[in-house]
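**Q** Okay, here's what each chain looks like letter by letter:
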Amino acid sequence: MTKPLVAIRSVAKSFGEFQALKSVSLDVWPGEVMCLIGASGSGKTTLLRCINQLTAIDAGGIWLDGELLGVREQGGRLYRLSEREIGRQRLKTGMVFQRFNLFPHKTALENITEGPLQVQGRKADEVRTEALELLRRVGLVAKADSYPAQLSGGQQQRVAIARALAMKPMLMLFDEPTSALDPELVGEVLAVMKELAKSGMTMMVVTHELGFAREVADRVVYMDQGAIVEQGRASDVLGTPREERTRAFLSAVI
Amino acid sequence: MKPAPALAEGFPDLSGMRIAREPHWFRWFSAALIVLVLAAIARAFANGQIEWSYVSRFITAKVILEGIVNTMVMAVLAMALGIVLGIIVAIMRLSPNPVLKTVAAGYTWLFRGTPLILQLLLWFNLALVFPTIGIPGLWSARAVDVMTPFLAALLGLGINQGAYTSEVMRAGMLSVDIGQYEAAQAIGMGRLRALRRIILPQAMRVVIPPLGNEFIGMVKATSLASVIQYPEVLHNAENIYYANSRVIELLIVAGLWYLLVVSILTPLQMLLERRFARGTMRLAR
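Chains A and B, in that order, give the protein sequences.
Heads up, the first sequence is in our numbering, so the first residue is 1 and it goes up one at a time.
Heads up, the second sequence is in our numbering, so the first residue is 1001 and it goes up one at a time.
It should be emphasised that the hints constitute simulated quantities derived from the structure, not laboratory data.
Among these hints, one or two may not hold up.
[What the hints assert, rightly or not] Between beta-carbon pairs, the in silico distance windows are:
| # | chain 1 | residue 1 | chain 2 | residue 2 | range |
| --- | --- | --- | --- | --- | --- |
| 1 | A | Ala227 | B | Arg1196 | 39 to 49 Å |
| 2 | B | Ile1088 | A | Glu126 | 49 to 59 Å |
| 3 | A | Lys3 | B | Gly1190 | 21 to 31 Å |
| 4 | A | Trp29 | B | Pro1096 | 48 to 58 Å |
| 5 | A | Gly16 | B | Val1099 | 18 to 28 Å |
| 6 | A | Lys22 | B | Val1099 | 30 to 40 Å |
| 7 | A | Arg9 | B | Ala1105 | 54 to 64 Å |
None of the values given here were measured: they were computed from a predicted structure.
Don't be surprised by glycine CBs; every beta carbon is placed ideally from N, CA and C.
Make the full structure from the sequences, and use the hints.
**A** Shown next, in the form of structure tokens:
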């Protein structure tokens, strides 16, 4: 029997008074493409950030590839892991941000090679070859020596995807990857993500692109007020939602 | 395709006409006025009690040249010490560790809160507090031998500069988008590596103009070290006019040297700015 790649159990997170996540539990299976949808403030982005530990959870646990994240259990107590350990765990996930967050003082190629060279300490020529292959995959070999400011939003996001892939993650996290893009640039980013999904990558995608969810997602999860309201096959959740709140959200979005 | 509708009458074709040059009378008038005032000032100085021959004689005097070299050596070394301390203190200030934070804030408070000349005098007179200094059992020396004017000036100027530079560096680091730090973490970087590889290079672009300011300030602040006998240019100029009483002439000599050094620094700063502007210009490659 296969095990889930990500197991989320009773995870809670508050920012001051605001409860961003209220006891969320969820499994993500190897090779699965999951789309998280919901209004802003519903907790979907927070959930993603908890998985790669940019946000620390208040309660519950997240296991990635069988390993408990951020803490170590010993004798009935939890001990926080060192920064180095957390850094090692982060390497298993790749994150793509809404605002790209490319390093502006480095070229597209340098953005991609930075992690493998500096963090993983791998050989320069091998890393460079792989980075160029990744650029080819996202259709930007010609832009290898361009700085982020010289690229369009769509191109920047494709470089950001390549940067995340360069670390050879087991899981790719996408935080609204097309929300900051001009409408005509959304398609090129989604195309790269579709290709990635087809290649068998496990993906969690926070998105407002319901068309993408319908076409690519194995499962759609609808969240509201820090909790999972409904989940299932894309055609079911988006086509014939059971919950009233899901119906209200979908009719507001479409 | 339908033809475009006919345009309305009464709006003549202005293409081909040029906009006439404005006369700018006031600019000519004010420029003439300024030239007159400058000429009057120059005349006053030319006829005043200044022996210009002394200025030209001493401007390349050996003692003065040694002085300006000492001034520049001290300015560069003290600034380097200030920048190193400033970066360390800024990182401490922004760390989540409350102990480091408090130490950094205390350092800035202490060294910004007292006059520089007082700090220089304290360093120079350290021997009054600690006659011998050293590591017990390993090494010790008389403080008067160790605390030379050079070392006292370096410590006084550099440590004071570090307090100011730390705030400049902190401002630079805060100016870098938080998303950059998150992106660095997301590819597995630790705090210090992210600072060194991602945050500081971007902060440098922002901090170079204020650091240029600080360095120009430092070149002139070295003149305070004259009170602790460090042989920089003003100190040496003073020694000459104690002997020959040509006070104004030698002060002008020192002033001209300061102006020259500061004038050279400005283009150097531009070169440095260009170096750290990588990626910020859309088309320039």
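**Q** Quick check: does the Cβ-Cβ distance between lysine 22/A and valine 1099/B fall within 30 to 40 Å?
**A** holds (35 Å)
**Q** Taking the CB of isoleucine 1088/B and the CB of glutamate 126/A, does the distance hold inside 49 to 59 Å?
**A** violated (35 Å)
**Q** Can you tell me whether the CB distance of lysine 3/A to glycine 1190/B sits inside 21 to 31 Å?
**A** Given about 29 Å between the Cβ atoms, the range holds.
**Q** Given the hint of 39 to 49 Å, check if alanine 227/A and arginine 1196/B actually sit that far apart at their C-beta atoms.
**A** holds (41 Å)
**Q** CB of arginine 9/A to CB of alanine 1105/B, is that within 54 to 64 Å?
**A** This hint is violated: roughly 41 Å between Cβ atoms.
**Q** CB of tryptophan 29/A to CB of proline 1096/B, is that within 48 to 58 Å?
**A** Since the Cβ atoms of tryptophan 29/A and proline 1096/B sit about 36 Å apart, the hinted range of 48 to 58 Å is violated.
**Q** So the hint says 18 to 28 Å: do the beta-carbon atoms of glycine 16/A and valine 1099/B match that?
**A** holds (26 Å)
The structure fails to meet hints 2, 4 and 7 from the earlier list, while all remaining hints are met.
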